[in-house]
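Peer 1: Based on the provided sequences and hints, a complete structural model is requested.
Below, each chain spelled out in residue letters.
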Amino acid sequence: MIKVENIKKSFGKVEVLQGISCNFLPGKTNLIIGRSGAGKTVLLKILVGLFTPTAGKVWYNDTDFFQLNKAQRRAIRMDVGMLFQGSALFDSLTVEQNIRFPLDMFTNKTKKEKLMRVNDCLARVNLDGSNDKFPSEISGGMQKRVGIARSIVLEPKYLFCDEPNSGLDPKTSIVIDELIKSITIENNITTVINTHDMNSVMEIGDNIALLYKGELVWQGNKDEVLDTDNQILQDFIFASPFLQRLRSAALAK
Amino acid sequence: MYWKETMRQMNDIGIGSLVIVGIISIFIGAVTAVQFSYQLQGGFIPDYYIGYIVRDSTIIEMAPTITCLVLAGKVGSNMAAEIGGMRQKEHIDAMEIMGVNTAAYLILPKLIAAVVVIPMLVFLAAFVSIIGGYLASVPTGIITDTDYVRGLRSFFDSYNIFMMFVKAVVFAFLLTSISCYQGYYVKGGSIELGQASTQAVVLSDILILFADYLIALLLTS
Ligand SMILES: Nc1ncnc2c1ncn2[C@@H]1O[C@H](COP(=O)(O)OP(=O)(O)OP(=O)(O)O)[C@@H](O)[C@H]1O
Ligand SMILES: [Mg+2]
Chain A
0 MIKVENIKKS FGKVEVLQGI SCNFLPGKTN LIIGRSGAGK TVLLKILVGL
50 FTPTAGKVWY NDTDFFQLNK AQRRAIRMDV GMLFQGSALF DSLTVEQNIR
100 FPLDMFTNKT KKEKLMRVND CLARVNLDGS NDKFPSEISG GMQKRVGIAR
150 SIVLEPKYLF CDEPNSGLDP KTSIVIDELI KSITIENNIT TVINTHDMNS
200 VMEIGDNIAL LYKGELVWQG NKDEVLDTDN QILQDFIFAS PFLQRLRSAA
250 LAK
Chain B
0 MYWKETMRQM NDIGIGSLVI VGIISIFIGA VTAVQFSYQL QGGFIPDYYI
50 GYIVRDSTII EMAPTITCLV LAGKVGSNMA AEIGGMRQKE HIDAMEIMGV
100 NTAAYLILPK LIAAVVVIPM LVFLAAFVSI IGGYLASVPT GIITDTDYVR
150 GLRSFFDSYN IFMMFVKAVV FAFLLTSISC YQGYYVKGGS IELGQASTQA
200 VVLSDILILF ADYLIALLLT S
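For the record, the sequence lines run as chains A and B.
Just so we're aligned, residue 0 is where the first sequence starts under numbering that gives the first Met the number 0, counting upward by one.
Just so we're aligned, residue 0 is where the second sequence starts under numbering that gives the first Met the number 0, counting upward by one.
These are computed hints drawn from the structure, not numbers from a lab.
One should not assume that every hint holds.
Calculated from the model, a selection of chain B residues having no Cβ within reach of chain A, i.e. all distances over 12 Å [what the hints assert, rightly or not]:
no. : residue
1   : VAL30
2   : PHE43
3   : TYR51
4   : LEU68
In silico DSS-like cross-links for lysine-lysine, where the CA-CA straight-line distance does not exceed 30 Å [what the hints assert, rightly or not]:
no. : chain 1 : residue 1 : chain 2 : residue 2
5   : A       : LYS108    : B       : LYS88
6   : A       : LYS12     : B       : LYS88
7   : B       : LYS88     : A       : LYS113
8   : B       : LYS186    : A       : LYS69
9   : B       : LYS186    : A       : LYS44
10  : B       : LYS88     : A       : LYS7
11  : A       : LYS132    : B       : LYS88
12  : B       : LYS88     : A       : LYS56
C-beta: ideal position from N, C-alpha, C; glycine also.
Peer 2: Written as structure tokens, this is what we have:
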């Protein structure tokens, strides 16, 4: 479990996060939602220690992450996988080499074992046989999937995904959501996902935190979303007139 | 993993710089020979001193300093751009999250490779310069074959070779660490990346010359 306590973050004078406290649970897909610029990416980067918060704590079970020294943080990160908003694939390595990179760095597996593990992960994201392509030769959605494959190759206990389905078509989005969900359940991973995709919220929202201008304004699960009277959440979820009409129709029944 | 990366860097720095180092060294030797013979004209200093001067000035000063100034431009800017690009494209962050010690993984292989390979390049540069001096003075009739070789064999002091290697190692360390630092801490976008790469070369050059002066003071006192 990951617990954040009163996290604040400022860049210069701008306070981007204004005291966020919440829990992220193992075996669940925990969602951080909010409009563009709400502070989702900043919060995620604080969770993994890429940004240091101005104030507040991040707990990995009973460990206070920002009290650790560099070597101890690295030890925790062996259990962390992360999918970046822009995938962050190593562009001079092939798909296979990208996914194999963590294996090369941290395991003593033989070449054959590594290849098997890489192919397993590729199959998991429906990219069998793309081993020798370079990131520049595959589409953005495929890059995302390679990014996911790379982040799960070492069987992490914590998985962080920054907008796993932005820029993807609805079908592929659903495939990716389901993929993340099933990996989460299978391995009892604590998964934290940034998203502003409504389908994701309604499909995999086990535990949702809504950020609004750097504040946590609502927390709940996908079933609680529909009967909320929180105005910010309503505005966020039912952003389009079409959805608003659907909702009124549903409520009228 | 580190070992493989170090070998790749050695190849990049070493083989990749052979041609430029060779060309520069030929001309350094040639110019030294021609200029010195011009200064000798009508004097009391015997001709064979040309060989001696070419040998010592290249070994002590020209080979290590000019080679490393040129390598700061070639290898240093390349390192800064490579690491800086990885920083900007979040590759370094991605590695950090995997638990990689990125400073060690990205910089150490380059540093080791440079400190091993650049002294070899400098040694080669000195050797090629001496050949350059020969080519510029013997076939053109400035001095005879025998005089040049006699000069090369006169007053030889192996301490100068030691000095050359000290300089080469120090310069290699400086240019690599400065360039990697500039890349590793780059912020912003492509303009800043260009600036970091330029900054790497300028700072390396200045510090190489400053270190050259210090080493000269220390090792000749
Ligand atoms: N490195 C930084 N330096 C200064 N300000 C930053 C930095 N990173 C983010 N910010 C600011 O923090 C705020 C939140 O940004 P963040 O990237 O977390 O938004 P987000 O919720 O992830 O949005 P999106 O959905 O568009 O990705 C923005 O106003 C942004 O300008
Ligand atoms: Mg974001």
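Peer 1: Check the structure against each numbered hint from earlier and tell me which ones fail, lowest number first.
Peer 2: none
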